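Student: Sequence:
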Amino acid sequence: MLYRLMKRFSDYNILHDVIDCLTASLEAKDNYTSGHSNRVGDMAFDICKSLKLSIVERDRIHIAAHLHDIGKIGIPDHILNKPGRLSSAEWAQIQGHPEIGYTILSKSRKLKDIGQIVLSHHERWDGKGYPHGLKGEEIPLGARIIGVCDSIDAMTSDRAYRKAFTWAECKAEIIANKGSQFDPEVVEAITDSLWSKWQMEYCKEREREHSLGQGIQSAT
Numbered sequence: 001m002l003y004r005l006m007k008r009f010s011d012y013n014i015l016h017d018v019i020d021c022l023t024a025s026l027e028a029k030d031n032y033t034s035g036h037s038n039r040v041g042d043m044a045f046d047i048c049k050s051l052k053l054s055i056v057e058r059d060r061i062h063i064a065a066h067l068h069d070i071g072k073i074g075i076p077d078h079i080l081n082k083p084g085r086l087s088s089a090e091w092a093q094i095q096g097h098p099e100i101g102y103t104i105l106s107k108s109r110k111l112k113d114i115g116q117i118v119l120s121h122h123e124r125w126d127g128k129g130y131p132h133g134l135k136g137e138e139i140p141l142g143a144r145i146i147g148v149c150d151s152i153d154a155m156t157s158d159r160a161y162r163k164a165f166t167w168a169e170c171k172a173e174i175i176a177n178k179g180s181q182f183d184p185e186v187v188e189a190i191t192d193s194l195w196s197k198w199q200m201e202y203c204k205e206r207e208r209e210h211s212l213g214q215g216i217q218s219a220t
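Following the UniProt record's numbering, the numbering of the sequence shown begins with 1 at its first residue and continues without gaps.
Worth double-checking, as some hints may not be accurate.
Calculated lysine-lysine pairs in the DSS-like style (CA-CA distance at most 30 Å, straight line) [what the hints assert, rightly or not]:
id	residue 1	residue 2
1	LYS72	LYS107
2	LYS197	LYS49
3	LYS204	LYS128
4	LYS29	LYS112
5	LYS72	LYS82
6	LYS107	LYS128
7	LYS204	LYS52
8	LYS112	LYS128
9	LYS29	LYS72
10	LYS52	LYS163
Pairwise CB distance ranges, derived in the manner of DEER restraints [to be verified]:
id	residue 1	residue 2	range
11	SER196	LEU51	23 to 33 Å
12	ASP158	LYS112	14 to 24 Å
13	GLU169	THR191	17 to 27 Å
14	SER87	THR191	32 to 42 Å
15	GLU173	MET200	28 to 38 Å
16	LYS107	ALA168	34 to 44 Å
17	ASP192	ASP77	31 to 41 Å
18	LEU51	GLU138	30 to 40 Å
19	GLU205	ALA172	21 to 31 Å
20	GLY74	HIS132	15 to 25 Å
21	ARG159	VAL56	17 to 27 Å
22	LYS107	ALA24	28 to 38 Å
23	GLU205	ALA168	36 to 46 Å
Worth flagging that the hints you see were computed from the coordinates, not collected in a lab.
Bear in mind that the values here come from a model prediction, so they are computed numbers and not experimental data.
For every residue, glycine included, the Cβ atom is placed at its ideal position computed from N, Cα and C.
Using the sequences and the hints given, assemble the complete structure.
Tutor: What follows is the structure, encoded as structure tokens:
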């Protein structure tokens, strides 16, 4: 019994090491994803707790959230890091990243179920998403949760072609798209206290980044 428990713990640690390596590989390639996977993972975990999902389901969705953009490893650097809006052809390539991610993760027996969530994280509640146009509860719950978190982090982050939304603007946009882009139950699981928590964590992270930048400038 003790041996089995130790082996399970060892397997769990190895799996998380692999996930950290995959996430770091993507962030080294994509200038815009620094910290994104961790933030999406943390928000997804909070929503899972709010929905009172089982520990097993929470862990599965948490891992999928950390790996949701792993397919971008297969997207050319000049598209990922383009300082401006993408052309329609470039956008079509970006839209291939969920399927690339699924292909990567399906190579692992332990990650294949997680790959199904990753495959569907850009589907929409109204069926207008990609890659397969799934609708409503056809979309895995984990993908519905990650889709909301991914959008929140994207909106509250600066891009080359626009400034970040304020948190109030982001919240209004998420609520406005409840029942069209997003699963209403998932949106309703985001309590006011969660919105406040995420905004506070975001501000602390930005302060740390600013302090680090100031330190680097002083050193040079």
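Student: Decide, hint by hint, whether the structure agrees.
Tutor: Each hint tested on the structure:
Restraint check for LYS72 and LYS107: the C-alpha separation of about 17 Å stays at or below 30 Å, so the hint holds. Taking the CA atoms of LYS197 and LYS49, the gap is about 14 Å. The hint holds against a cut of 30 Å. Among the hinted pairs, LYS204 with LYS128 is inconsistent with the structure: their alpha-carbon atoms are about 35 Å apart, more than 30 Å. Distance restraint check for LYS29 and LYS112: the Cα-Cα separation of roughly 24 Å lies within the 30 Å cut-off, and the hinted pair is therefore satisfied.
Restraint check for LYS72 and LYS82: satisfied, since their Cα atoms lie roughly 14 Å apart, inside the 30 Å limit. With a CA separation close to 28 Å, the supplied pair LYS107 and LYS128 stays within the 30 Å bound. Of the pairs offered as hints, the one joining LYS204 and LYS52 holds, with about 27 Å between alpha carbons and a cut-off of 30 Å not exceeded. Annotation: proposed proximity of LYS112 to LYS128 holds, straight-line Cα distance about 25 Å (limit 30 Å).
A threshold of 30 Å between alpha carbons decides the hint, and for LYS29 with LYS72 the separation of about 9 Å falls inside it, so the pair holds. Simply put, LYS52 and LYS163 have alpha-carbon atoms about 35 Å apart, too far for the 30 Å limit, and the pair is violated. In this structure the supplied range 23 to 33 Å is violated for SER196 paired with LEU51, their Cβ-Cβ distance being about 19 Å. With their beta carbons about 35 Å apart, ASP158 and LYS112 fall outside the hinted range of 14 to 24 Å.
For the pair GLU169 and THR191, the supplied restraint of 17 to 27 Å holds, since their beta-carbon distance comes to about 19 Å. In this structure the hint that SER87 and THR191 lie 32 to 42 Å apart at CB holds, the actual value being about 40 Å. Between GLU173 and MET200 the beta carbon distance is about 20 Å. The supplied range of 28 to 38 Å is therefore violated. Between LYS107 and ALA168 the Cβ separation comes to about 42 Å, which falls inside the hinted range of 34 to 44 Å.
Distance hint check: the CB atoms of ASP192 and ASP77 are about 40 Å apart, consistent with the given range 31 to 41 Å. Checked against the hint of 30 to 40 Å, the pair LEU51 and GLU138 fails, with Cβ atoms roughly 18 Å apart. A hinted range of 21 to 31 Å for the beta carbons of GLU205 and ALA172 is consistent with their spacing of about 22 Å. Range check, GLY74 to HIS132: Cβ separation about 18 Å, and the 15 to 25 Å hint holds.
Distance hint check for ARG159 and VAL56: the Cβ-Cβ separation is about 36 Å, which falls outside the suggested range of 17 to 27 Å. For LYS107 paired with ALA24, a C-beta distance near 19 Å fails the hint of 28 to 38 Å. Here the CB-CB span from GLU205 to ALA168 is close to 19 Å, at odds with the stated 36 to 46 Å.
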